[in-house]
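K.L.:
Chain by chain, the residues:
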Amino acid sequence: MGDQAGVVIVGAGQAGLSAAAELRKRKYEGPVTLIGDEPALPYQRPPLSKAYLSGEMALERLWLKPEAWFAKADVSLRKNTRIKAIDRSASAVLTDDGSRIAYDHLILATGGQARRLPLPGADLPGVYVLRNLAEADQLSEHMSRLKHLVIVGAGYIGLEVAASARKRGIDVTVIEAAERPMARTASPLLGGWFGAIHRGYGVDVRVSSCVDSITGGDFATGVRLTDGKTIEADAVLIAAGLELETSLAEAAGLTVDDGICVDGQARTGDPNIYAAGDAARFYSKRYDRHLRLESVQNAIEQGKAAAQSILGIEAEYDPVPWFWSDQYELKLQIAGLIEGADTMIRRGDPEEGCFSLFHLREGRLVACEAVNCGPEYMAAQRMIAAGATPDPERLRDLSVAMRDFLS
Amino acid sequence: MAKITYIEHDGTEHVVEAENGLTVMEAAIRNMVPGIDADCGGACACATCHVYVDEAWTARTGERASMEDSMLDFATDVQDNSRLSCQIKISDALDGLVVRLPEEQG
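Heads up: the protein sequence lines correspond to chains A and B, in order.
Quick note: the first sequence uses UniProt numbering, first residue 1, plus one each step.
Quick note: the second sequence uses UniProt numbering, first residue 1, plus one each step.
Source of the hints: derived by calculation from the structure; they are not laboratory data.
Take these hints with a grain of salt, some might be off.
Derived lysine to any residue pairs resembling SDA-like cross-links, with alpha carbons at most 25 angstroms apart [what the hints assert, rightly or not]: (1) B:K89 / A:N372; (2) A:K27 / B:A93; (3) A:K65 / B:A59; (4) A:K331 / B:L72; (5) A:K331 / B:D39; (6) B:K3 / B:N31; (7) A:K167 / A:A134; (8) A:K331 / B:V78; (9) A:K72 / A:P118; (10) A:K331 / B:D95; (11) A:K331 / B:D37; (12) A:K65 / B:E19; (13) A:K25 / B:E8; (14) A:K79 / B:R30; (15) A:K331 / A:I231; (16) A:K147 / A:I231; (17) A:K25 / B:D37; (18) B:K89 / A:W63; (19) B:K89 / A:G55; (20) A:K25 / B:S66; (21) A:K65 / B:H14.
Could you put together the complete structure from these sequences and hints?
P.N.:
So this is what it looks like as structure tokens:
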């Protein structure tokens with residue numbers, strides 16, 4: 001292609017790595033430089049709150065590619081390197097030690113950092129967040145001698161850590177401001193059900209509760225709630241979502257609006273700059289609105305889309321989103337997006353720990369939340385993609401096999 | 001340790017020495033065998049690490065667990081010897097194992 005400087009990817013997480021791998025898989029011949037600010041090889045994030053944190057998964061099982069892959073694929077991995085600016089007029093990025101790295105095409109896969117809450121005491125030792133490997137290691141190390149952990153936030157990370165901590169014999173209190181767990185992404189029935197499951201495993205789940213401050217002098221000793229109650233603990237995890245890293249894009253004059261704005265080919269407004277992953281917001285024709293998805297699927301597929309765009313392959317990135325979460329012996333799998341649904345159909349009995357919730361909008365299936373129900377989840381993925389309008393009575397009927405909805 | 005042979009859909013063979021305790025999926029990733037994506041990293045959530053176990057080995061790799069079975073039920077080109085390679089744990093008993101990769105993962 002005659003590229004001299006090649007493709008530079010800022011962010012060596014799952015999206016950045018996926019873009020690099022796709023470029024090489026599709027025989028891109030220019031240089032590929034993958035820049036990350038962490039000391040580790042690119043790794044999987046999902047286990048950090050699950051098997052890695054509960055001690056069931058060794059470090060080297062987190063690597064997305066073995067070290068030898070980078071040499072073999074001729075992908076130049078620059079670890080411990082923070083980018084401080086994009087010089088669009090010169091087509092180069094600037095590292096914080098002052099060096100310049102030129103690009104022909106730039107992919108921003110910058111993700112973000114765990115959100116820290118501006119609470120009194122939030123910077124005390126013993127207060128943790130969880131997004132990256134170093135943070136998981138710090139929390140895990142402390143967990144080996146913890147008696148009681150308070151988790152602020154009952155989203156996926158908060159609840160997965162609660163389950164991992166219970167596996168390690170730690171007492172757990174979860175504080176959630178909303179009236180149920182997983183309020184932002186899951187249906188009310190599912191969120192409430194997961195709350196009950198956690199209580200069954202001995203977690204003190206307190207919803208509609210707000211933290212006023214973190215108590216302690218030299219070290220966190222618990223939290224104080226806005227109603228004046230205090231909860232003693234040896235450590236506090238703030239699990240309050242993601243703070244996007246969009247400042248580089250913004251400073252470079254790219255459009256940023258709850259994420260770096262891209263089209264269905266992962267292109268920003270600058271023809272040489274692309275964005276992918278947690279920090280990228282794209283227009284979805286399927287949903288007729290802009291979406292920003294924080295998921296492994298999105299990181300992988302949008303990373304690939306950016307690579308394909310660079311190679312001139314015209315493919316529209318417009319997925320049926322999917323997510324999963326492992327808590328205790330439960331596998332939650334979600335296909336589609338619930339927002340906008342008007343009807344919910346329950347299939348199976350929540351009391352038996354294996355059920356699915358189908359969400360329809362004007363008769364059309366838009367989402368499925370499946371707990372320990374592989375067939376429902378897998379079938380729903382295809383049905384949503386096909387725009388299926390299943391009969392609610394048959395969906396509810398366990399004697400009708402999911403396969404029958406696909407013909 | 002177990003010797004595992006992965007055969008791509010086009011016939012290309014990859015022979016690797018795999019450590020006990022890893023999964024057949026992980027041994028493929030570590031040894032850069034193409035065609036096993038394993039998007040979910042082995043959580044049995046995505047069905048992108050589908051393999052066909054050579055007939056001579058199906059008894060030793062064992063039965064599919066229920067979640068794996070249901071994921072495969074809706075995967076593409078499934079056969080009786082289909083498995084998710086993230087669910088096959090490597091041991092000495094699998095020394096010599098041969099698996100083939102489906103066309104879709106090529």
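K.L.:
Under the criterion that the straight-line Cα-Cα distance not exceed 25 angstroms, is the pair K331 of chain A, D95 of chain B satisfied?
P.N.:
The hint is violated at about 31 angstroms.
K.L.:
Measure nothing beyond the straight line between the CA atoms of K65 of chain A and E19 of chain B; if it is 25 angstroms or shorter, mark the hint as holding.
P.N.:
holds, 16 angstroms
K.L.:
Sort out whether L72 of chain B lies within 25 angstroms of K331 of chain A, counting only the CA atoms.
P.N.:
Holds: K331 of chain A and L72 of chain B sit about 16 angstroms apart, inside 25 angstroms.
K.L.:
Compare the distance between the alpha carbons of K89 of chain B and G55 of chain A with 25 angstroms, and conclude whether the hinted pair is satisfied.
P.N.:
holds, 18 angstroms
K.L.:
Keeping to a limit of 25 angstroms between CA atoms, is the pair of K167 of chain A and A134 of chain A held or broken?
P.N.:
Measuring from Cα to Cα gives roughly 21 angstroms; hence the hint holds.
K.L.:
Does the alpha-carbon distance linking K89 of chain B and N372 of chain A stay inside the 25 angstroms limit?
P.N.:
Judged against 25 angstroms, a Cα distance of about 21 angstroms means the pair holds.
K.L.:
Under the criterion that the straight-line Cα-Cα distance not exceed 25 angstroms, is the pair K79 of chain A, R30 of chain B satisfied?
P.N.:
holds, 20 angstroms
K.L.:
CA of K65 of chain A to CA of A59 of chain B, is that 25 angstroms or under?
P.N.:
Violated: K65 of chain A and A59 of chain B sit about 31 angstroms apart, past 25 angstroms.
K.L.:
Given the proposed pairing of K331 of chain A with D37 of chain B, does the C-alpha separation stay at or below 25 angstroms?
P.N.:
With Cα atoms ~20 angstroms apart, K331 of chain A and D37 of chain B stay inside 25 angstroms; holds.
K.L.:
Between K331 of chain A and V78 of chain B, does the CA-CA distance stay at or below 25 angstroms?
P.N.:
holds, 23 angstroms
K.L.:
Given the proposed pairing of K27 of chain A with A93 of chain B, does the C-alpha separation stay at or below 25 angstroms?
P.N.:
violated, 38 angstroms
K.L.:
Against the 25 angstroms threshold, does the CA-CA distance of K25 of chain A and S66 of chain B hold or violate the hint?
P.N.:
violated, 34 angstroms
Hint violations for this structure: numbers 2, 3, 9, 10, 15 and 20, all remaining hints satisfied.
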